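Chemist: This is what each chain is made of:
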Amino acid sequence: MPDIQEDDDLVFHKICSLLEPLNEKGVKLTRDTDLITDLEIDSVSVLDIVMDIEDNYDLSIPVNTISETRTIGELVDAIHAIKKEQA
Amino acid sequence: MSLFDKFEKTAALYYQLSDAGQNPFNVVMEEVLGPTRALIKGRETVLAGTHNYLGQTFEPRAIAAGQEALAREGTGTTGSRFANGTFAGHKKLEAEIADYLGLSHCVVFSTGYVANLGAIAGLVDPSEDVLLIDADCHACIYDGCQLSGAQTIRFRHNDPESLDKRLGRLDPSVKGKLVFIEGMYSMYGDIAPVAEFVEVAHKHGAYLAVDEAHSFGIYGENGRGVSEAEGVMDKIDFYTGTFSKSLASIGGFVASNHKEVEYLRFSSRPYKFTASPSPATIASAAAALENIREHPQLREKLWSNARRLHAAFTQLGLNIPAPPAPVISVLFPTKEEAFAAWNYLLHQGVYVNMAIPPGTPGKESLLRLAVSSAHTAADIDQIVAAYTAMAQTFESARVSASAN
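Taken in sequence, the protein lines are chains A and B. Count along the first sequence from 1, then add 8; that gives the number in our numbering. Count along the second sequence from 1, then add 348; that gives the number in our numbering.
No lab work stands behind these hints: they were computed from the structure. Owing to the predicted nature of the structure, the values given are computational and were not obtained by experimental measurement. Take the hints with a grain of salt, since some may be wrong.
[As the list claims (entries may be wrong)] Counterexamples of contact, computed for chain B against chain A with all Cβ distances above 12 Å:
hint	residue
1	Ala359
2	Asn371
3	Val380
4	Ala436
5	Asp484
6	His505
7	Lys523
8	Pro672
9	Arg716
[To be verified] Pair ranges (Cβ atoms, derived):
hint	chain 1	residue 1	chain 2	residue 2	range
10	A	Asp17	B	Val375	48 to 54 Å
11	B	Thr736	A	Tyr65	47 to 53 Å
12	A	Ser51	B	Gly450	45 to 51 Å
13	A	Ser75	B	Glu743	51 to 57 Å
14	A	Lys36	B	Ala725	56 to 62 Å
15	A	Asp17	B	Glu743	44 to 50 Å
16	A	Glu32	B	Ala725	44 to 50 Å
17	A	Ser75	B	Gly450	37 to 43 Å
18	B	Thr662	A	Ser75	49 to 55 Å
Every residue, glycine too, gets a C-beta built ideally from N, C-alpha and C.
Construct the complete structure from the given sequences, taking the supplied hints into account.
Modeler: Quick look at the structure:
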């Protein structure tokens, strides 16, 4: 398993653990990693990962939000924002 | 040049397929010989990858009705349903579909794709409504969501509990909630637990729309679709469908017992801003509908063909993801193997569809066979012989192989 950037953010680590099985090229996962261009994950797979995140955190992340996020960091931030909103 | 840069990867894949054999996405039917036969690359081929489920493409009364309308009303309507493109035939067909389905209202659109686009974007207000869609819904449902601009939430495929959770999490300020599912999903040929979805949707005050594009004319006692087979025709809120499959024409529709579905005639841009179906396509769809209503044996023949093919494929050990249905798919571990097997079948004179990610559920590549009531015993024999040879050549298509 490649190094995961030091980050005490649990959401970041959760997302990385879900992405790891799809990280075929062994790219180092950071907040700046682009899901489509760096990891070459197709758009539907991104949506499927988001569904796992939704069930894990018991929140709903609209497809519209996902299509606006490109990097792992943006996805983490979007989840934090929704967690705050739905709390 | 940057306008085209983004296509490089997909274009490379596309041309790589053409170099390696016949490209599945570039097939030309050089001459159509009948409802289940055509010339492809000069070879007579059994068509097992069309959606001519009830074999209506050459139904004599549908052809005669189309020709008559063409001569009487001309080649095209030259306008949208909203403006000058509504003829008596469009209104009559709407009434006949509503009557067949036992629903009070029906609105006809230019294609099935446009009907779903028009239903979603026409019904949903992005400022106050939310859409919830099955993860495996067809591209036109996703595109409708995007066109509507409303918040869209996916739930797990065929999982009413997953929908229940997502509806439960919605903010009380959300006004309208529209849930979209399909009757039969065309990739695997699996069907939705529509009755359970009705219950969950209505418990939360949401509306349920069911796209029966692949199941209209096929499922249920009267062929009304999976909603009928599930006993909930009178409980679903919206029913969408197409003329391009079991009715072998082109066009689409939204039907409902909610009289407000008529509002789509002014609220739906895909209704208002595209040309309406031509008189000939409307007349042949109407004649095909009459014909399939009068001949339930077409449906019975489709099912007996489907059961026979499913049993034969199961015996071959092929990796089939669903029970017998008008669509029978075989899964392959990689797209390269699916592509080679697709070409192999074509060389054996059998045309099926190939589907690869991301258009497929999960990560599978698959060959999709669509059964027709018009498949003759000779067609079925040729399909089984081709699949038998294919199963021997491609071990990865078999369950025992893919489990390794």
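Chemist: All the hints need checking, so say for each whether the structure fits it.
Modeler: Comparing the hints with the structure gives:
1. Ala359: holds (16 Å)
2. Asn371: holds (20 Å)
3. Val380: holds (34 Å)
4. Ala436: Holds: least Cβ distance 41 Å, greater than 12 Å.
5. Asp484: Given that some Cβ of chain A is not farther than 12 Å from that of Asp484 of chain B, nearest at about 10 Å, it is violated.
6. His505: violated (10 Å)
7. Lys523: holds (16 Å)
8. Pro672: The claim holds: Pro672 of chain B sits with its nearest Cβ about 27 Å from chain A, beyond 12 Å.
9. Arg716: Consistent with the label, Arg716 of chain B stays out of reach of chain A, its closest Cβ about 17 Å off (over 12 Å).
10. A:Asp17 with B:Val375: 48 to 54 Å: At 50 Å between Cβs, range holds.
11. B:Thr736 with A:Tyr65: 47 to 53 Å: The hint (47 to 53 Å, Cβ to Cβ) holds, given that Thr736 of chain B and Tyr65 of chain A are roughly 49 Å apart.
12. A:Ser51 with B:Gly450: 45 to 51 Å: violated (39 Å)
13. A:Ser75 with B:Glu743: 51 to 57 Å: Hint violated: Cβ distance 40 Å, outside 51 to 57 Å.
14. A:Lys36 with B:Ala725: 56 to 62 Å: At roughly 60 Å between Cβ atoms, Ala725 of chain B and Lys36 of chain A fall inside 56 to 62 Å, so the hint holds.
15. A:Asp17 with B:Glu743: 44 to 50 Å: holds (46 Å)
16. A:Glu32 with B:Ala725: 44 to 50 Å: Since Glu32 of chain A and Ala725 of chain B have Cβ atoms about 47 Å apart, the given range 44 to 50 Å holds.
17. A:Ser75 with B:Gly450: 37 to 43 Å: holds (39 Å)
18. B:Thr662 with A:Ser75: 49 to 55 Å: Violated - the Cβ-Cβ distance for Thr662 of chain B and Ser75 of chain A, about 40 Å, lies outside 49 to 55 Å.
Against the hints set out earlier in the document, violations occur for numbers 5, 6, 12, 13 and 18.
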